[in-house]
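**Q** Sequential numbering from 16 applies to the sequence shown in my numbering.
You can trust all of the hints, since none of them are fake.
Pairs of lysine-lysine residues, derived as DSBU-like cross-links and limited to a Cα-Cα distance of at most 35 Å, are as follows:
hint : residue 1 : residue 2
1    : K320      : K791
2    : K236      : K246
3    : K468      : K572
4    : K788      : K858
5    : K593      : K701
6    : K805      : K658
7    : K356      : K366
8    : K408      : K98
9    : K207      : K98
10   : K40       : K414
11   : K637      : K557
12   : K320      : K858
Calculated directly from the structure, the hints in this document are not laboratory data.
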Amino acid sequence: MSIALAPAKETRIIKETSPVLPDSKAQSFTLPNGLTLIVEEDHSAPVASVQAWCGTGSIDEGKWMGAGLSHILEHMLFKGTEKRKAGDIARQVQDQGGYINAYTSYDRTVYWIDIPATGVEQAVDILADAMLHSTLPEDEYVKEQEVIRREFAMGFDDPGRQSTLLMFRTVFTESPVRHPVIGYLDVYNQLKREDVFAYYKKRYVPNNLTFVVVGDVDAQKVRDQVENLFKDEPRQALEPVFVASEPEQVGRRDVHEEFPTELTRLNLAWRTPGLTHADTPALDLLGDILGTGRSSLLNQDLREKQQIVHSVSAGIYAPQLDGIFAIQALCDPDKREQAEKAALAILDRVKKDGVTAAELEKARRSLLSSQLSNLDTSNGKASDLGSNWQLTKNLNFSKDYLNAIAKVTPADIQRVARQYLRDDRVNVTSLNPMGSLSLKSDKEKDAANSEVKKFVLPNGLRLLVREDARLPLVSIYSTFRGGLLAETAKDNGVTKLMARTMLKGTKTRTASQIAGQIEDVGGSIGADAGNNSFSISADVMKPDLALGLDILADVIKNPTFPAGEVDLEKRGLLAAIKAEDEQPTAVARNAMRRSLFGSHPYSLRANGSAESVASLTPEQLKAFHDEYAVGANGVIAVFGDVKAEEVLKLVEKDFGSLPAGKLALTDPPQPVFPDKAIDTQENRPKQQAVLMFGFPGADILSNDRSALELINEASNDLGSRFFNRIREQMGLAYYVGAGNFMGLAPGCFLFYLGTDPKKVDRVTVEFQDEIGKLAKDGLTEEELARAKMKLIGSEAIRNQSNSAFAATVAIDELVGLGYDNYLKRKDQIESVTLEDTKRIAAKYLGVPGRVEVIVQPPAQAAANKPQQ
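Take the sequences, apply the hints, and build the full model.
**A** Structure (structure tokens):
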């Protein structure tokens, strides 16, 4: 599935010899008032997912169509009920160790709580209370309005979102799915709290609700509780909603628009039948054959062979009523027409010649894998059951759909391609860079790229400003040298704990005031720490720039590290450490870094160790803060709808009193890498094994940087030599990839894969063989060309967002690459030659001092142990 708005179902299969879904073990009950309860006991883990599905979405909003009423309720139903105040619901869920969230689509609104089994009764009570007894407090409604307006603004700023909306409103001219689920801002602004409450009372009635509970539960106890909670709630009159039918399309439609973006998003879309239509399985498989994975027809032709797109995909969106089959591509503006013609040519080839049995079989495997992965958790199972019931009233629909996919023939694929994907029924839409559709097609990229301005305050703090008036949003990103490189084994985790607790109280603001003041205006604030630095960032709307900078400065200059808040964040870090110890890939990475880096700080864990974090005190956090959160050691980037002169004045006012200090880590310790191979093993009671190889790497300022990045890029995608040979051809790995870490000191280059524990010995030989070939020969011409295209394209995509761009530029300035490094990136990447990759691969991957780590189950470790 590739369409940005998630499809109603993703159900898939293969041959009778492959794994298939058993009949659902779920039980369904319908109460006298019409409420449906679906329960499935699954005692494989002490957790459960509790979900409440309301059969109302954006297409059900009647006279308020386009206002986003359903979406507003998604935000408001956790804001207070007749017996719970604002904040009580979230706190009660968190007290039980759970997680709560919700989403809205065209035909439903779903609220869910994932929680330890001990909290299921509380979760059911909370959702039942929210469904029928929410009060939508006026003060909370006013605050949430601004949050939703910010969500509008983020959507307006998102080219992917806008491209999808353009496609939907072109394909559908009458159906209400042409309207955004969130609505239109001008219609939304007309709403009053009373309108929302009236819609809530009208649509949130027992006979329009389905509760789904899956996990370590007693079905009878859940049923008894739900019946008791709803025994006094009568069935209500539920007015049927008229949904306009879509008229037959007559002729091709073309709609091309401009947007503040660097790349073109192209969509080729056709209207197709709904989920339960007999032809939907064949269309689903056709989408997979055309556009899922590196080996798909569109990827092989448009991306790999012709190199006219950065990415391309295909898939279906299949709700109850009419859906969409879409081909979506990301390309340079001058390649749009070429990409369109090439995609249609591939489709014409399928119509003329059909598909092979092997292509169909591969698609079946892909779709089956996708469906099975959705059922790996209690949340996934509950979502599948809820969707089955919502759309078909058949709890076994997923299995039935898989069986239908198993019966599809190549002739069926060819028939549906001819029947539905006709030239006179296609909708061609695109979102293009500003000015690219005009007669003057030069895009003035250089002018746009040169607009970052740099200032230096008297205390040494570097300020970077980018004026971008596309939308009234501002991203603020501050970063300081620190991180693991400044830590020791005794205080490991101090940077991350310090960064988190900087947000938990200052001399003039409490933790709740910090969060509340910025969230009340629709903003956000966060903190993080890494290998070489830590950061505090904020996002606000244009009118709130001064407030955002004031809060950020207060957090950076005046944190008090309250003991209670420090203890709370320590518990969170300790939980994260425990969770990491349960992830085989993380266990392998930590073991590899310990062996490769020895006593160097890069051997330490990002979150710290349980012992070091437990021992940290508020006094240690303050001392670390006072040394590293200083002007000469920091960079602050302010990107968005601002004027540089205004920003400079505000930053001088707010940050001018920050102590100057000095730039840290100017002569960082250098790792002493091993001079011979090190093999290590970690045993974990898991059903998979992880194999990882680590090699000495380069520092961020190394001349080898670009070549290493390209080797990493070529080794780390679905078209890599490792993926094709080890996973696709030999079937020895679930996943395979690479990583490249470069810091102020030399980092590491790594390869990893996940496999069946019984295949460890064989896959180790094959993995070493492929790494050895890469170390000896470097990249091929095709690999290098693809890696360059992907790396340049991914950076262009990432830097469209002011928040991501600000972080990139600030970190480049902090580590010594310079704030203007992004202007040089394309030339740096393009200048790498095949000979460079051969030389660099040999230099870093051909050394004897590599580290091998195997993480596997204890029993298999014993079986794999060499015999004496």
